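Student: For reference, the chains in residue letters:
Protein chains: 4
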Amino acid sequence: MAGDRPGRKRSEVSRAAILEATRDELTAEGYDRLSIDRIATAAGVGKQTIYRWYPSKSELVADCILAGYIVRPVIMTPDTGDVRRDIATWIRSFAKESRTPSAASLTRAITAAAAEDNAVAAHYQDQVTITQETLVTRLRAGVDAGQLQKDTGVSTVAETVVGALLYRILTRQELDDVFVDELVELIFSGIVNREER
Amino acid sequence: MAGDRPGRKRSEVSRAAILEATRDELTAEGYDRLSIDRIATAAGVGKQTIYRWYPSKSELVADCILAGYIVRPVIMTPDTGDVRRDIATWIRSFAKESRTPSAASLTRAITAAAAEDNAVAAHYQDQVTITQETLVTRLRAGVDAGQLQKDTGVSTVAETVVGALLYRILTRQELDDVFVDELVELIFSGIVNREER
Amino acid sequence: MAGDRPGRKRSEVSRAAILEATRDELTAEGYDRLSIDRIATAAGVGKQTIYRWYPSKSELVADCILAGYIVRPVIMTPDTGDVRRDIATWIRSFAKESRTPSAASLTRAITAAAAEDNAVAAHYQDQVTITQETLVTRLRAGVDAGQLQKDTGVSTVAETVVGALLYRILTRQELDDVFVDELVELIFSGIVNREER
Amino acid sequence: MAGDRPGRKRSEVSRAAILEATRDELTAEGYDRLSIDRIATAAGVGKQTIYRWYPSKSELVADCILAGYIVRPVIMTPDTGDVRRDIATWIRSFAKESRTPSAASLTRAITAAAAEDNAVAAHYQDQVTITQETLVTRLRAGVDAGQLQKDTGVSTVAETVVGALLYRILTRQELDDVFVDELVELIFSGIVNREER
DNA sequence: TCGTAAGCGAGACGGTACGTCCCGTCTTTGA
DNA sequence: TCAAAGACGGGACGTACCGTCTCGCTTACGA
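Chain order of the listed sequences is A, W, S and C.
Residue numbers are given in the UniProt record's numbering: position 36 of the first sequence equals residue 36, and the series is strictly consecutive.
Residue numbers are given in the UniProt record's numbering: position 73 of the second sequence equals residue 73, and the series is strictly consecutive.
Residue numbers are given in the UniProt record's numbering: position 138 of the third sequence equals residue 138, and the series is strictly consecutive.
Residue numbers are given in the UniProt record's numbering: position 35 of the fourth sequence equals residue 35, and the series is strictly consecutive.
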């Protein structure tokens with residue numbers, strides 16, 4: 001069969017060990033301060049085995065994201081018919097998950113990585129897009145149900161929500177209930193005083 | 001005068017050269033890949049002169065931010081009486097400034113720095129807060145004028161706006177007019193379909 | 001036939017290719033800097049094929065010597081009845097052969113190998129002994145013919161000659177006619193002034 | 001004064017530690033198998049400190065020789081008036097010194113180094129020449145005293161003696177009294193049978 | 001006006017990590 | 001059943017920076 005090359009196959013055990021060690025380093029140390037030597041040692045792997053598959057530390061982190069070792073997509077709860085409640089639930093579960101210190105520091109590390117490297121940014125974007133997509137889908141259903149305005153820029157909304165949440169994590173402010181409630185209120189009702197019109 | 005110690009004074013020329021070189025390195029290379037050796041050479045300064053004043057690269061970056069070498073506060077245009085127009089103008093000028101590639105990459109670098117280091121984050125936060133404060137002030141005036149709802153969480157709104165804009169920069173998407181318009185519409189009117197009520 | 005094992009026989013083609021590649025590497029790079037990887041590639045052979053037969057690089061070099069890829073024994077010319085002339089001829093032909101740069105560098109490489117490794121030294125010794133043996137044989141004939149003193153330590157003489165020649169090669173001095181003539185004179189007549197006795 | 005450069009001076013303590021560690025490694029492991037990492041660790045020195053002063057391991061070994069860490073010149077005993085006895089004494093003390101295993105293995109290592117590297121060979125030659133020079137001087141005195149033939153190629157004699165001794169060390173044969181006596185006899189009297197003339 | 005106490009540029013120091021080469025071993029595929 | 005191809009864990013390479021430590025020199029205060 002074509003594509004079958006001679007020689008030993010890539011060790012999936014090593015690959016998994018490398019990605020796990022990378023995630024742990026990333027959580028503990030951040031993106032800069034990441035050390036390939038340390039990852040190799042922690043994974044019980046030769047450095048060359050890392051460099052054979054990843055030309056740079058950014059590619060390694062990118063594969064880590066791609067393989068799902070870092071970003072855990074937030075699943076949308078079932079459609080209750082009430083868009084606002086569903087979106088609020090989604091945001092609340094995102095917020096809850098971010099409250100563990102390790103999740104927050106991992107998020108910061110990966111954000112730093114994405115900020116500094118195009119390849120990581122692309123993979124991160126892909127993965128975050130999947131997360132956003134669940135939001136977008138629910139929003140679009142809301143539009144179809146007539147609960148939301150027809151011309152709603154659903155992806156802009158999704159990005160704004162994610163952006164706001166990420167910003168709070170970056171600046172080390174907690175995603176507390178007050179913030180979440182205000183964010184939901186803002187997204188749905190806006191800030192204009194309609195009674196005065 | 002009290003506090004006057006003998007010996008040579010700190011050279012302001014060197015300080016400025018160091019901060020400029022740091023900003024340039026940050027723009028060109030990002031936060032990791034930042035090299036004190038290279039900064040010292042570029043600034044024509046001994047390494048010890050850097051270490052004398054900054055205990056770590058994060059403190060150096062922090063001072064860089066503090067001295068205004070990195071974050072240029074977006075100034076609020078005069079109050080026209082129309083909150084929405086004023087806020088839109090502010091966002092548009094923020095967006096415009098971010099369109100230069102060097103500004104965007106500097107923003108990403110500093111965001112990475114803030115994501116990875118508490119000290120940088122604190123200084124960054126201070127500086128961004130100043131920027132946000134102009135937004136907050138204008139929003140509060142809008143509330144006072146009865147144009148915005150009384151219970152508007154103005155700082156949450158400001159954070160959401162800044163978060164959304166930063167997220168676009170981080171993910172290397174352009175801050176184009178379509179996005180800005182949708183963001184403004186979202187912030188002011190929300191997404192709920194009121195006609196169906 | 002006894003000793004016949006199942007499976008493919010050792011490939012003599014591969015063996016020859018390996019030994020040739022080893023000799024070439026040795027000539028070009030010396031004993032340290034010798035790379036099994038490079039030899040395998042040059043010989044068009046898998047590394048395992050080398051390791052199957054040679055437990056270490058010194059054994060490989062030893063076999064290289066044993067198989068005559070490196071030391072070419074200097075043949076004694078026919079016995080003319082004049083020992084001094086015959087020995088001088090032998091030394092001269094040894095010297096001539098050493099004048100090619102590649103032969104000299106190969107000699108240096110193999111001397112380094114012998115200096116550092118017992119196994120190589122043993123094989124080298126064996127091979128050089130064969131060369132010395134031609135000298136010893138001729139010297140002994142000279143003793144028998146009464147041309148040389150009865151108690152001559154023929155092997156010491158042979159070693160001294162070879163040692164002196166090797167030393168010149170090691171120190172990168174040419175084996176020119178002046179040196180050869182002085183060496184022959186020294187060996188045969190010594191340095192004592194007999195007239196003064 | 002010219003030549004005074006700014007910056008910290010070279011540490012002579014480190015230099016000495018490096019050269020000592022190099023000599024020890026050379027004795028224990030030989031020239032190939034020499035590891036800069038190991039030398040640095042043994043010397044309690046950063047690797048860069050070695051590479052700052054020595055572009056390659058051969059230059060390091062060369063400086064080791066130059067600084068007298070390896071070759072201990074064999075001193076000529078006082079002139080007794082009897083050349084043969086004096087030379088024999090010199091050879092015997094050379095032989096004695098070579099009988100310690102560590103001296104022999106160091107000699108082999110340095111010979112290997114000289115065989116493989118021009119720079120080492122040059123420095124080694126310089127140092128050995130100093131040793132040979134004591135021989136040459138004594139021989140010349142013998143010529144002047146009329147004990148040796150007028151046209152004796154003294155440096156060829158010295159080289160032959162050293163070459164023969166080195167060859168015995170290289171081939172791991174002991175420099176025993178039999179060999180030494182035969183060598184002295186050979187050098188002084190030659191092998192020609194004069195009675196038959 | 002002089003000594004003394006910083007600050008300065010330069011650059012060597014003991015180290016850590018880099019990314020590469022090679023070691024000797026171990027699969028895997030094809031002949 | 002062997003041999004090439006090539007991945008594996010590991011060690012050393014030579015380089016780049018780290019943060020610290022002298023150097024010789026330049027300021028600038030206070031005695």
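Treat the hints with caution; some may be incorrect.
What the hints assert, rightly or not - Each computed DSBU-like pair below joins lysine-lysine, with the alpha-carbon atoms no more than 35 Å apart: (1) W:Lys9 <-> C:Lys9; (2) C:Lys9 <-> S:Lys47; (3) W:Lys9 <-> W:Lys57; (4) W:Lys9 <-> A:Lys96; (5) A:Lys47 <-> A:Lys9.
To be verified - Computed far set for chain S versus chain C, every beta-carbon distance over 12 Å: (6) Ala16; (7) Arg33; (8) Arg38; (9) Gly46; (10) Pro73; (11) Met76; (12) Thr80; (13) Ser105; (14) Arg172; (15) Phe179.
FYI, nobody ran anything at the bench for these hints, they're computed from the structure.
For clarity, every value in this text was computed on a predicted model and none was experimentally measured.
Just so you know, even glycine gets a beta-carbon here, dropped at the ideal spot from N, CA and C.
Student: Please write out, lowest number first, the hints stated earlier that are contradicted by the structure.
Tutor: 2, 4, 7, 13, 14 and 15
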